[in-house]
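Peer 1: Line by line, the protein sequences are chains A and B.
Using UniProt numbering, read the first sequence as starting at 1 and increasing by one per residue.
Using UniProt numbering, read the second sequence as starting at 1 and increasing by one per residue.
Hints are not guaranteed to be accurate.
[What the hints assert, rightly or not] Straight-line Cα separation of at most 27 Å, DSSO-like style, residue types lysine-lysine; simulated pairs: (1) B/Lys216 - A/Lys331; (2) B/Lys216 - A/Lys14; (3) A/Lys343 - A/Lys331.
Because the hints were derived from the structure by calculation, they are not lab data.
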Amino acid sequence: MSISVAESNRLHAKYPSVFEQNFFQRWGLLVGFAATLTYLVFCWFFFNVGPALQNGKWDRAAIYVQDWYSWRAQPRLRFEDGVVVPQWSSRGQYAEDTTIDWLTPQDDGSMIATFGNADDRLEIATTQVDVYIDGVGYPIAITADGATAPADVPAAIEQDGAKVLVNYGFAGQAEIRANQVNVQRRFFGWANFLYDTNSPLWGNDLFSSIGLMFSGDRIVPEMSNAQLVLDQWLNNQAWQHGDILAKLMQTLVMAFVGTLFATLFAFPLAFIAARNITANRPANWLMKRFFDFIRSIDMLIWALFFTRGFGPGPIPGIAAIFFTDTGALGKVYAEALENVDDKQREGMQSVGASPLSVNRYGVVPQVLPVFVSQSLYFWESNTRSATVIGAVGAGGIGLKLLESMGTNSDWDKVAYMVLLILMVVFIFDNISNAIRSRLIGPAAH
Amino acid sequence: MADIAHSTDGLSHANTTLLQHYRSQVLTRRVYSILIVLGILVALLAAMNYANAANSGKFFERLPYMFDFIKNFVPEDPFEIFRAMFDIASPYYDGSQKFDYTSQRVYLTDSLYIPQFIYQLIITVNIAIVSTIIGGSIAFCLCFFAATNLVGAGAVRWIVRRIMEVMRAFPEIVIAGLLTAVLSIGPIAAIAAVSLHTIGALGKLFFEVVENADMKPDEGLQSVGASWLERVRYAIVPQVMPNFVSYALLRTEINVRASTIIGAVGGGGIGEAFRLSISRDHAAKTYAIVILLLVTVIIIDQFSGYLRQKLVGKASFELGRGAA
């Protein structure tokens, strides 16, 4: 597309701002991009990102992530006097003497472990382990010196020193040694989520539990089935439902009480800080600097400080949220107060009302919806930050999360708590949104 | 609810009815208000009771300890705080960590060094800035797909918005903890955790800005046959950019605090230094960190407030906290 010189000149003259931009208008975006990229490259080296990523234990990361939504049974199959004996750790997911469908003992003392289907299985005897992958068998000889794989095995079977590793993908893996086979079998879902293996209800699923509540004889004579189901679920040793729910409650209490106290304290103080309400400049200034001061001290500092004083638990969490948010809410409230419509106050003053009545009837009705909606915003955000505050020592679900992550084997429990937190946050968001839109109309937030 | 004439004497019949109506409405309102206040009070008392019972020490039992802690938690002399801050050798040095301010200096040359806490602070602030850049960029790319005025497909909007919500609500410590388990303790875990939260928080604010954009430039471009990408680039982005940058600056302020906290649970930086010093009773070091953090937060708040005012004027100050 081309235009005549005259037309081009006319356009240049008419729209100089389009054609004659200064350097920054023309290249500002590019310069900004380049500066940001340079900064990110600098940070890459400053934070040692490259080496850290290289040294990461990425194989473990896959296991940790899988643990979120699946569980593994890890029996150790020991060779004892020609017989294969399964041995479970204290965290075993099966009650004693359960028949396990993927691990069947044979009459001759050997054992068959299947991985998903009959074609993928291990036939474990004390002298030889037959590894079947897609129906093809590979005999692995067991001697006193270790296990030896035959020469031409697929990549899923790997000789590692004196032991042989077999990998069945998601379904599991096995480690064949001279005196035992460590089997790891992975299943979708969470093991024993309802009842632990010591419970009389072990083996029931959700539907059979509900069925038990409404029909059937008492399993334990002392209490009704409904009571028993609840009791056994809450006291599940593996999942600690009761403990987790109590900790979640503590976190919610921290956010609720902290925000409510902050609201109650910031309310009168904001009237002192607002220039149009209190005609006393030093008082306004002092109050605002006070708000700035306690707001600027990190919630972390308050939390650790009060944890030292009060000991771990919800009280330091409440105190931390209370102190930070008194400052933040006070500032927001004071700004709202300074923006009120003065006509209503003047009206009250003109009929000779006392200062208290002026504020009660001339100011509060205007600002109360704004105050409440701001407090609800803070409540929402505090529900989230109370988790983190808890982790640094104030207790609650945050500390529980940190403890579970510290063991590196409870990632399913972490996933469970994350789900609980997400659910609670969504419910509270919706409650506070509903209240807010009733107060100040749906358009205003 | 102001009280008006109490007696109905001398009022016409119609006005008497009106007054009665008014009074009955006021009464209903008062009853509801009292019920709500009572409900909140009951909930508050129950919650406080629960908190007190769940705490490892009861409030009134622990209160004297709290005062004792404040009273005893003072440095030997006020200058100790500044010695700890700038890594100057202490006259009280007795071989213990409490008065050992010099061993953690970060030397740039043989004699020029950055004091330990200031170096940690630089790390924390950089974590916040990097996270804001990463999270902001991704939120920028996502937000256009969540805006009603740009994307017709409800399914796309719904999915993008839910992704943002989950990122916003996902507990940061879990991401930090997972990455710490894989990468060992370090700033990357903190960056990832804070970035992810930033995507969610900024994404929500960004798409709300986009939805409020003036659609006339977009129509203009549409009429000359511009593609979707061109319309977004030339009609929407120039309008929303000042607001985006302003929100990103606000987010940087919040992220400085977030990265301090994440630091304390395994991300390194000043947060961890603070947690260690307060739990080991190193008063001078603790106060040094508190002052450093306070000054940093105030400087960053003021600077970003100044920039935001230049970008979008006074309006930006009213917004934003809701997404924190």
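Peer 1: Please go over all the hints and tell whether each is borne out by the structure.
Peer 2: Each hint, compared with the structure:
Simply put, B/Lys216 and A/Lys331 have alpha-carbon atoms about 37 Å apart, too far for the 27 Å limit, and the pair is violated. Note on B/Lys216 and A/Lys14: the hinted pairing holds, with a Cα-Cα distance of about 22 Å set against a maximum of 27 Å. Pair hint A/Lys343 plus A/Lys331 holds up; C-alpha atoms about 23 Å apart against a cutoff of 27 Å.
The structure fails hint 1 only (numbered hints given earlier).
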